[in-house]
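> First to last, the sequence lines map onto chains B and X.
For the first sequence, our numbering gives the first residue as 4, with consecutive numbering after it.
For the second sequence, our numbering gives the first residue as 571, with consecutive numbering after it.
For the record, the hints were derived by calculation from the structure and aren't laboratory data.
One or more of the hints may lead you astray.
In silico lysine to aspartate or glutamate, DMTMM-like type, Cα no more than 20 Å apart, as pairs [stated by the list, open to error]:
#1 K623/X to D140/B
#2 K611/X to E97/B
#3 K154/B to E616/X
#4 K611/X to D600/B
#5 K154/B to E247/B
Note that this is a predicted model, so its numbers are computed, not measured.
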Amino acid sequence: MLTFRALNPIRLPILAATLALAAAFALGTAEAAPKKVLRMAFRTAETGFDPQKVYDRYSVGICENIYEGLLTYDYLARPVKVVPLVAESVPEPEEGGTRYTFRIKPGIYYVDDPVFKGRKRELVARDFEYAIKRFRDPVNKSPYEWLFENKVAGLDEYVERQKKAGKFNYDEPVTGLEVRGKYVISFKLKEPDYNFLYVLAMPNVVPVAREVIEGYAADTHGHPVGTGPYVLKDWVRRSKIVLERNPDHRGYELDPRYADMRDPFDRAAVEALRGKRLPLIDRVEIYPIEDEQPRYLAFMNLEHDLLDELHPAFVHQVLPNGKLNSVLEKRGVHVFREEQPEFTYDSFNVEDPVIGGYSPERVALRRALVQAHDRTQEINIIRKQQALPAQSPVPPGIVGYDPEFRAPSQDFDTSKAKALLDMFGYVDRDGDGWRDQPDGKPLVLSYKYNVSQETRQLAELWVKSLANVGIRMDTLGIQFADLLNDKRVGKFQIAASAWTADYPDAQNFLQLYYGPNTDQSNESRFKLPEYDRLYQKSLGLPDGPERSAIYREMNRLLLAYAPVRLGVHRIYNHLQYPWVRGYKKHPILYTNFKYLDIDVAAQQVAMK
Amino acid sequence: MTAYVIRRLWQMIPTIAGVILLIFFLFNWVGGDPAQVLAGKISNPEQIANIRKQLGVDQPYWYQLWVFVQQVFTFDFGRSWSTNEEVSRILLTRVGPTLTIMIPVLVIETVLAVLFAIMVAYVRGSVTDRTIMIVCTVAMSISFLVYIIVFQWLFGFILGWFPVQGWSESFWKNLFTYAPLPIMLAVFVGLAPQLRLYRSFFLDEINQDYVRTARAKGLPEKKVMLKHVLRNAMIPILTNIGISLPGIFVGSFLLEVFFSVPGLGREIITAVNRSDFPVIKAVTVYLAILTMLINLIVDVMYKYVDPRVSFK
Numbered sequence: 004m005l006t007f008r009a010l011n012p013i014r015l016p017i018l019a020a021t022l023a024l025a026a027a028f029a030l031g032t033a034e035a036a037p038k039k040v041l042r043m044a045f046r047t048a049e050t051g052f053d054p055q056k057v058y059d060r061y062s063v064g065i066c067e068n069i070y071e072g073l074l075t076y077d078y079l080a081r082p083v084k085v086v087p088l089v090a091e092s093v094p095e096p097e098e099g100g101t102r103y104t105f106r107i108k109p110g111i112y113y114v115d116d117p118v119f120k121g122r123k124r125e126l127v128a129r130d131f132e133y134a135i136k137r138f139r140d141p142v143n144k145s146p147y148e149w150l151f152e153n154k155v156a157g158l159d160e161y162v163e164r165q166k167k168a169g170k171f172n173y174d175e176p177v178t179g180l181e182v183r184g185k186y187v188i189s190f191k192l193k194e195p196d197y198n199f200l201y202v203l204a205m206p207n208v209v210p211v212a213r214e215v216i217e218g219y220a221a222d223t224h225g226h227p228v229g230t231g232p233y234v235l236k237d238w239v240r241r242s243k244i245v246l247e248r249n250p251d252h253r254g255y256e257l258d259p260r261y262a263d264m265r266d267p268f269d270r271a272a273v274e275a276l277r278g279k280r281l282p283l284i285d286r287v288e289i290y291p292i293e294d295e296q297p298r299y300l301a302f303m304n305l306e307h308d309l310l311d312e313l314h315p316a317f318v319h320q321v322l323p324n325g326k327l328n329s330v331l332e333k334r335g336v337h338v339f340r341e342e343q344p345e346f347t348y349d350s351f352n353v354e355d356p357v358i359g360g361y362s363p364e365r366v367a368l369r370r371a372l373v374q375a376h377d378r379t380q381e382i383n384i385i386r387k388q389q390a391l392p393a394q395s396p397v398p399p400g401i402v403g404y405d406p407e408f409r410a411p412s413q414d415f416d417t418s419k420a421k422a423l424l425d426m427f428g429y430v431d432r433d434g435d436g437w438r439d440q441p442d443g444k445p446l447v448l449s450y451k452y453n454v455s456q457e458t459r460q461l462a463e464l465w466v467k468s469l470a471n472v473g474i475r476m477d478t479l480g481i482q483f484a485d486l487l488n489d490k491r492v493g494k495f496q497i498a499a500s501a502w503t504a505d506y507p508d509a510q511n512f513l514q515l516y517y518g519p520n521t522d523q524s525n526e527s528r529f530k531l532p533e534y535d536r537l538y539q540k541s542l543g544l545p546d547g548p549e550r551s552a553i554y555r556e557m558n559r560l561l562l563a564y565a566p567v568r569l570g571v572h573r574i575y576n577h578l579q580y581p582w583v584r585g586y587k588k589h590p591i592l593y594t595n596f597k598y599l600d601i602d603v604a605a606q607q608v609a610m611k
Numbered sequence: 571m572t573a574y575v576i577r578r579l580w581q582m583i584p585t586i587a588g589v590i591l592l593i594f595f596l597f598n599w600v601g602g603d604p605a606q607v608l609a610g611k612i613s614n615p616e617q618i619a620n621i622r623k624q625l626g627v628d629q630p631y632w633y634q635l636w637v638f639v640q641q642v643f644t645f646d647f648g649r650s651w652s653t654n655e656e657v658s659r660i661l662l663t664r665v666g667p668t669l670t671i672m673i674p675v676l677v678i679e680t681v682l683a684v685l686f687a688i689m690v691a692y693v694r695g696s697v698t699d700r701t702i703m704i705v706c707t708v709a710m711s712i713s714f715l716v717y718i719i720v721f722q723w724l725f726g727f728i729l730g731w732f733p734v735q736g737w738s739e740s741f742w743k744n745l746f747t748y749a750p751l752p753i754m755l756a757v758f759v760g761l762a763p764q765l766r767l768y769r770s771f772f773l774d775e776i777n778q779d780y781v782r783t784a785r786a787k788g789l790p791e792k793k794v795m796l797k798h799v800l801r802n803a804m805i806p807i808l809t810n811i812g813i814s815l816p817g818i819f820v821g822s823f824l825l826e827v828f829f830s831v832p833g834l835g836r837e838i839i840t841a842v843n844r845s846d847f848p849v850i851k852a853v854t855v856y857l858a859i860l861t862m863l864i865n866l867i868v869d870v871m872y873k874y875v876d877p878r879v880s881f882k
């Protein structure tokens, strides 16, 4: 055995030189190792990377990698599970679900930036307080301001005071945002909220350093400085985003506890990543490509390693009869089939003089419209069988989703639709071949939608479906902004919509029909006291049988009063080449770069 | 000439005023409310009002119009409403990629169209002339979108001659790697109508008395065509190039979207989709000014191409 004691003064320099040479060689080899580069496309251009200002999922997806919140989601757990990120643990609710106290791991640092003037900047509890106040500062026009409205004790009053003063004083304390020392922050809520942890796991509810925001005030989107595993290396706006591994990041490790080893993606991820220090990918290149063909061809041409969200137009090519085509199969491409945590729907304006109201004949009319609509054709033809019929607003994979819940009243059935219309006096009274209202006035409905190829087809399907039961419909394609406005102020009769989960709880979907949310997210302007009472009751309950029973009852009320035609839960197919290791799509987090690995040798062989 | 140029510049002012009014009223009456988009999924009327206030769209129309006029004359359109990026920076960074594609397209297309047009005009009525005209008519009947889809699939994917899409920071890499396919495509699509048009210009000249006289004098055909016919046909050709010149600054939206070229055309469409009025205003106004300036330059150039033209 070689010990220091055994070394004589002559041998020592020789050994030192040998070791130095070996180290230099090893270092040289490491430097020469090719970088692991992941290349992919986004379907839409990003807007920027100020986490409190962004709204679109692609910008939020980048923020996910640059910043770190208190909490996040386990990569493999399904249904999703909240786990700590910079917090030491996931806290238990205190004071009846109105208080959540977090202790932040000490020694987490922001990436170096000139704004820190050469000092290492540690993440502290005060940064969270600052970020949450930023959501409410009107200057930021935060699209997620609603997350902290009527939520944190004293915050609304604080905001009002700042508005009156004409300037936001970030130094003024808020009773519900209690910072205790460097590492502890305690949130005191106005009401019990058992979904608050989900809010804190959202990828844009992340801390920012005040000096960064103030230092780059003119362009906070362009200077994201976080503690996350990646840094923004290069950004050609709306054309190219390059992330590089944060060399100072403390690293993660995959937790395989919640993996389902019967699932091939879970198994492969565990095999590829177990025991490794994440992230493994050195560089991520993202190209926003709005059109579907170049995105698809770039993947087929090996210019990209991943193809997220294969457009339905290519489904028959890529997955004929539901199986991967032979070319892609030979290349070893994997397909991850994801039921999106979202639902599409058509809102009926319950305040409309023709289809609105809660009287039996109006409810019958809406229910007849739902049953007249040929949803089967929507799924089979327009959506190329890449959708599931929604049985309630709550999509699969969301906490509170009830797989047993069925909604036969939403199924296509023209006989039932006609019978309902006949029974409640919606018959042809003037002999023109079209049904009229019970009072003899013509029954002509209108449908508003945001113009695109798909929505135009959906509008045509509505017209055709209603014509089959003798109802006339006019359709109006308008701009997205106008449609949003018209829906918010109730200037429509029937309008197309979709909702994607902000957090994985049924409440995020059921709030769409909560009466006080009229003029906001309750587009149908549905105000049913019983529904509202149940909703309020559900807010004070944690996930469990009692809350599930309430959600079930709320779903029943929605089906009974039909303020909405439930559409579908869309299915997306994500393709990956075999050299991308560890892939699994998360229903809430948009990106998964930090959990991926690249087999560079296999990638380079394929590209030759 | 100086008096002529000054007069023309002076005449631009009412035109710019008309453009400003048109854009302003179109945006306010037809364009969507940007606050609705910026407000996100869940927002209340107070938040929307706050955003409208910050954007200045809650101000009286006359005040908004005045701000717009100031922006035009100070060349400062502020920042994008959706990304907060300086509008001037957006324009400066986007015009390069657009011109990298569109200048070669204009040059190649014009040279080829003039060359082929003079050739087919010379053999007018022959099988070659008729065949080329039929090919041109068929080529013009097919949608640009179809060409893009087929060319990208064939040359980018099946044959692998070019990358399917992409753009880099290197001008030369862009010019020789990423731009050739969109350039080839645009030339292919633009050539047919240009060729037909220029052929008609040449035919008009070929039938003129001075051409008959030149031939009667015994001038060689090459000299008749290249010196006399070409020079006279250049006047309408120059007009046509002048008309299409401002278009090269906007580029082809479809090309830029399909080939991921970060150019102005793609930027404009993104701005329209996001109701990003500062970007829309800046591009439209600059394009209008550019069109007027190019028209002026083309008119001045007439003088040098055709000595019969005088400035009055």
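> With a cut-off of 20 Å on the C-alpha distance, tell me whether K154/B and E616/X pass.
OK: K154/B and E616/X at ~17 Å, within 20 Å.
> Straight-line Cα separation of K154/B and E247/B no greater than 20 Å?
Violated, at about 36 Å.
> For the pair we were handed, K611/X and E97/B, check the Cα-Cα distance against 20 Å.
violated (30 Å)
> Just to be careful, I want the Cα atoms of K623/X and D140/B compared with a cutoff of 20 Å; is the pair within it?
holds (14 Å)
> Please work out if K611/X and D600/B have their alpha carbons no farther apart than 20 Å.
violated (34 Å)
Against the hints set out earlier in the document, violations occur for numbers 2, 4, 5.
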